[in-house]
Amino acid sequence: MPNEILNVVALQKFFFTTQGTVRAVDRVSFSITENETLGLVGESGSGKSTVAYTVVGIYAPTDGKIYFRGEDRSQPVAKRPKSLKRAIQIVFQDPGTSLNPRRTIKQILELPLKVHHLTAGDRKLEVANLLRRVELPADYMYKSPHMLGGGERQMVAIARALATEPKLIILDEPTSALDVSIQAKIINMLIKFQEEMNLSYLFITHDLSLMRNVATRVAIMYLGKICEVAYTAEFFRNPLHPYTKMLLSSIPVVLEEEEELKPTKVISKGEIPSPVNVPPGCSFHTRCPVRKEICMQADPEMVEASEGHFVRCHLVSGQEAVASS
Amino acid sequence: MPAPLLKIEDLHVEFKVYEGVLRVLNGVQLIVNPGERVGLVGEAGCGKTTTMKCILQILPSPPSRTTEGRIFFNERDIRQMKAHEIQDVRGKGISMIFQDPTAALNPVFSIGDQLTTVIRCNSRTTLSKKGIHQRAITALREVQLPDPNRIFDGYPIQLSGGMRQRVCIAMALATEPELLIADEPTTSLDVTIQDQILRLLNELVDEHGTSVIFITHSLGVVREMADRVYVMYAGCIVEGAEKSELFSDPLHPYTRGLMSAVPKLTGGGIAEGIPGRIPDYLDPPSGCRFHPRCPYATEECKAERPELTRIRGSHEVACFAVERGEINAQ
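If you read the protein sequences in the order shown, they are chains U and G.
Position one of the first sequence corresponds to residue 1 (our numbering), numbered consecutively onward.
Position one of the second sequence corresponds to residue 1001 (our numbering), numbered consecutively onward.
Just so you know, the hints here were simulated from the structure itself, not pulled from any lab data.
If you're wondering where the values come from, they're calculated on a predicted model, not measured in any experiment.
Where a beta carbon is used, it is the ideal one built from N, C-alpha and C, also for glycine.
Errors might be hidden in some of the hints.
Which stretches of chain U does chain G cover? Using the computed rule of at least three CB atoms under 8 Å from a CB of chain G, they are [as the list claims (entries may be wrong)]:
1. 169-175
2. 209-220
3. 249-256
4. 268-275
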């Protein structure tokens, strides 16, 4: 495929504990093209952060491949070449803990510049430049993280990710700890950087309304597996998987127009099971309002319902859900 | 019109800290009528929880100090009450559900221990041990927990976040309070679990006829839960209206900014939000506390604090620009 930045094929990440094997990510495949934002959405415990950490190399995959610009990059971060570390960056959820409290903002921002030998002239100027790009005053470089507000800290974390001029940034719930007015500012800034620098984003979140406004494509994860992927407009117009419908109808909205876009109310029930004891068959069958016999026995395969719209559900592959929806 | 169940007048609360005095609440006023569900929306640090803790008189003092204001519950000023009278208000009169159910439950006592303690201390009549046990089981069944007997003997760690919050709801309603304060009860939960909890709360409140103050930072959640909504900013109530009116015709510039910053399912991008950040309580802005971030700010806004003024019906706004007619109701 042209311009493909990241291709993840049948990625598995298991954690072996005394209580049993945690199947955090189980045969997940997706790809991200240049300048694209893939929204990876799921509840807590669905394995979305594990996917992120495996892609950046914090975890080594149990099985499966990660291709970055066509090359196999499945190795963990210690074995990755520096150029790859430079090309993939990550922004974590909580800027309170992802910035070292004992360092000044200048020290935090110049570390990636030092490591990758990126400074041509004055390093202080570079840091001031980075701060200006995230619309923070240059004298912030002498402050330490605790003197900044939550939103400003996240700006610094974003500036740090931008410092190496990456190709792909993984955003792990970058705004879920922040207020909506600050979220709006950060999101708009991220969109601006994407256009300017031709960036690709893997955007991890639990907020579907946010993804409607940000993502090119949306993927829904449940218990370590992707259950539906589609282009954003199609995804919200025609959600097919019962879990997607449950998620969408659970969102509290502020406008009447939004209320009309939600699928007919699917009463949400049950909770996400533990990834140690993944239910047999389709892992969603314990909460599914439309389950059939087959769902309890066989795990459904991913099928393409329409162009670019993939669903992993027996009812869709059997063409029944199309009639019922 | 019957007398309001709860009426807060001009409440000022400050905290004394090493750096100086944090002037947090700056003239909060709100009313809860019997049987009404009132929503209180605002961003982190705007004083929502401080207001609620002040109602229950559970703010640690020092460092906190209530400098001014009256809090009437059933037409009696809580601030004038004796300690044992306040103790009667807590639990029997007003009970509270906290944001983080994990922190609200004691990890070393069983669910049953904690629930029976609440019932024993707040019961209006003397109950036998068996009667208390039965009440506790009923309370657990009411919040739709599976197998109440097993949960009664279990510990908080054995439950998921959603189930813990159900236990907290059971505890808060077991005393049959007149007013329930729900302080961001679903913020730490996933969206499908949030949906279940909100539905459950709505059902139970309807059944018991309890009045509710529902605190949240999410406009979407308040739209599902409240009849009437107050918007709070930096220790002041800036707007209050019936839910439908507030969402169709917000007037205060802050409410409008907040509304536009919420990502919508209809798409079309996200508005710029509100410039700047919430003020420093050590040195809050003079006049209207929103003026440094407000596009309509004038000299008048910097000099004087706008009062909450009735625009029409029960729609109240504290804003000079609205009074001047620069922002018009539709």
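So, going through the hints one by one against the coordinates:
| no. | hint | in the structure |
| --- | --- | --- |
| 1 | 169-175 | violated (count 0) |
| 2 | 209-220 | holds (count 5) |
| 3 | 249-256 | holds (count 7) |
| 4 | 268-275 | holds (count 4) |
The earlier numbered hint that this structure contradicts is number 1, and it is the only one.
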